[in-house]
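Peer 1: Could you build the full structure based on these sequences and the hints that come with them?
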Amino acid sequence: MAVYTIKVLITDPIDEILIKSLKDKGVQVDYQPEISREELLKVIEDYDIIVVRSRTKVDREVIERGKKLKIIARAGIGLDNIDTEEAEKRKIRVVYAPGASTDSAVELTIGLMIAAARKMYTSMNLAKSGIFKKLEGLELAEKTIGIIGFGRIGTKVGIIANAMGMKVLAYDIVDIREKAEKINAKAVSLEELVKNSDVISLHVTVGKNAKPILDYPQFEMMKDNVIIVNTSRAVAVNGLALLDYIKKGKVYAYATDVFWNEPPKEEWELELLKHERVIVTTHIGAQTKEAQKRVAEMTTQNLLNAMKELGMI
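Residue numbers (the numbering used here): 179 to 491.
Think of the hints as simulated: they come from the structure by calculation, not from any bench.
Be careful, since some hints might not be right.
[Unchecked claim] Think about it this way: if two alpha-carbon atoms lie no more than 30 Å apart in a straight line, the pair counts; the simulated DSS-like pairs of lysine-lysine are:
| hint | residue 1 | residue 2 |
| --- | --- | --- |
| 1 | K306 | K203 |
| 2 | K246 | K267 |
| 3 | K269 | K471 |
| 4 | K297 | K245 |
| 5 | K321 | K297 |
| 6 | K246 | K386 |
| 7 | K312 | K386 |
| 8 | K297 | K269 |
| 9 | K312 | K235 |
| 10 | K373 | K386 |
| 11 | K297 | K425 |
| 12 | K425 | K312 |
| 13 | K452 | K401 |
| 14 | K389 | K345 |
| 15 | K401 | K334 |
| 16 | K185 | K267 |
| 17 | K357 | K321 |
| 18 | K373 | K360 |
| 19 | K321 | K345 |
| 20 | K334 | K269 |
Peer 2: Here's what the structure looks like:
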């Protein structure tokens with residue numbers, strides 16, 4: 179009698195630990211990190227498991243064509259590129275690696291905040307051009323940081339900001355009063371946070387069609403010379419409103435690791451990108467050797483656990 183072999187398709191670059199762990203279990207692994215969407219749609223019906231990172235979108239069409247799919251694994255901390263509702267409807271298990279890149283995201287956030295306050299982007303460009311002009315920036319000590327989204331990343335940003343001598347305000351849609359108190363932060367309403375913060379840092383998970391958290395009414399409430407840092411989701415900020423208030427001079431700087439379109443394509447996005455008080459990194463929040471190793475290890479373990487629970491190994 180023929181023995182059924184579990185087939186896994188990996189469609190994005192993945193650490194070798196995951197590939198080796200699957201092969202050690204006698205699983206057939208097809209590693210195609212540059213597969214096109216068209217090719218994926220043709221072959222997905224042959225696989226029991228698909229493993230992705232950020233590039234591959236496992237949307238409704240992919241899931242519908244994946245007749246044999248039992249598990250979708252994402253080597254990452256979120257599920258933005260997975261249609262989780264469709265997966266749940268079809269009883270397909272979804273696994274990922276929440277928290278694996280917390281430290282990397284926190285460090286980038288603090289780095290962007292300092293870079294924005296000290297005009298480091300402009301200063302570096304001047305120096306590279308041979309122009310050694312002194313630029314006056316802002317100190318962060320004794321300023322107030324408002325953290326929107328007080329999960330793993332937001333909480334740790336608060337701890338570091340507090341150690342830097344900043345007052346910490348925190349807002350979340352869930353009750354965070356006890357957690358905030360533990361790190362010497364104050365849980366407040368969104369309105370109170372927006373009105374009283376010198377720095378606003380976003381750490382939220384929202385869908386691509388979500389309404390902005392920072393929109394025209396919030397920008398109007400903000401203090402003059404506010405710094406906004408966003409290492410979570412671009413759609414949490416109304417980009418057109420942001421551009422207006424940067425031009426007005428109310429927003430001192432916007433420092434971000436995420437953009438509405440990557441790369442930008444809308445006219446207003448391109449205008450923001452070129453503005454001297456906008457600092458943009460290329461979605462590198464989780465891109466450290468240490469974080470990628472942790473992501474691979476956690477995804478591997480969670481995937482193997484799911485396979486055991488489903489009787490696949």
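Peer 1: Sort out whether K245 lies within 30 Å of K297, counting only the CA atoms.
Peer 2: At roughly 53 Å apart (the allowed maximum being 30 Å), K245 and K297 break the hint.
Peer 1: CA of K425 to CA of K312, is that 30 Å or under?
Peer 2: Holds, at roughly 23 Å.
Peer 1: Would you check the hint for K306 and K203, treating anything up to 30 Å between C-alpha atoms as holding?
Peer 2: violated, 52 Å
Peer 1: For the pair we were handed, K373 and K386, check the Cα-Cα distance against 30 Å.
Peer 2: With a Cα-Cα distance of about 26 Å, the restraint between K373 and K386 holds, given a limit of 30 Å.
Peer 1: With the threshold set at 30 Å, check whether the alpha-carbon distance from K246 to K267 stays at or below it.
Peer 2: Holds, because 14 Å separates the two Cα atoms, which is no more than 30 Å.
Peer 1: Has the given pair, K357 with K321, been kept, meaning a C-alpha gap of at most 30 Å?
Peer 2: holds, 21 Å
Peer 1: Hinted pair, alpha-carbon criterion (30 Å max): K297, K425. Please report holds or violated.
Peer 2: holds, 16 Å
Peer 1: For the pair we were handed, K334 and K269, check the Cα-Cα distance against 30 Å.
Peer 2: violated, 35 Å
Peer 1: Taken at face value, is the distance from the CA of K334 to the CA of K401 at most 30 Å?
Peer 2: The given pair, whose Cα atoms are some 24 Å apart, holds under the 30 Å limit.
Peer 1: Given the hinted pair K373 and K360, is their alpha-carbon gap at most 30 Å?
Peer 2: holds, 23 Å
Peer 1: Holds or violated: are the alpha carbons of K246 and K386 at most 30 Å from each other?
Peer 2: Holds. K246 to K386 sits at ~28 Å (cutoff 30 Å).
Peer 1: Can the restraint linking K321 and K345 be considered satisfied, given a maximum Cα separation of 30 Å?
Peer 2: Between K321 and K345 the Cα gap is close to 6 Å, so the pair holds against 30 Å.
Against the hints set out earlier in the document, violations occur for numbers 1, 4, 7, 8, 9, 20.
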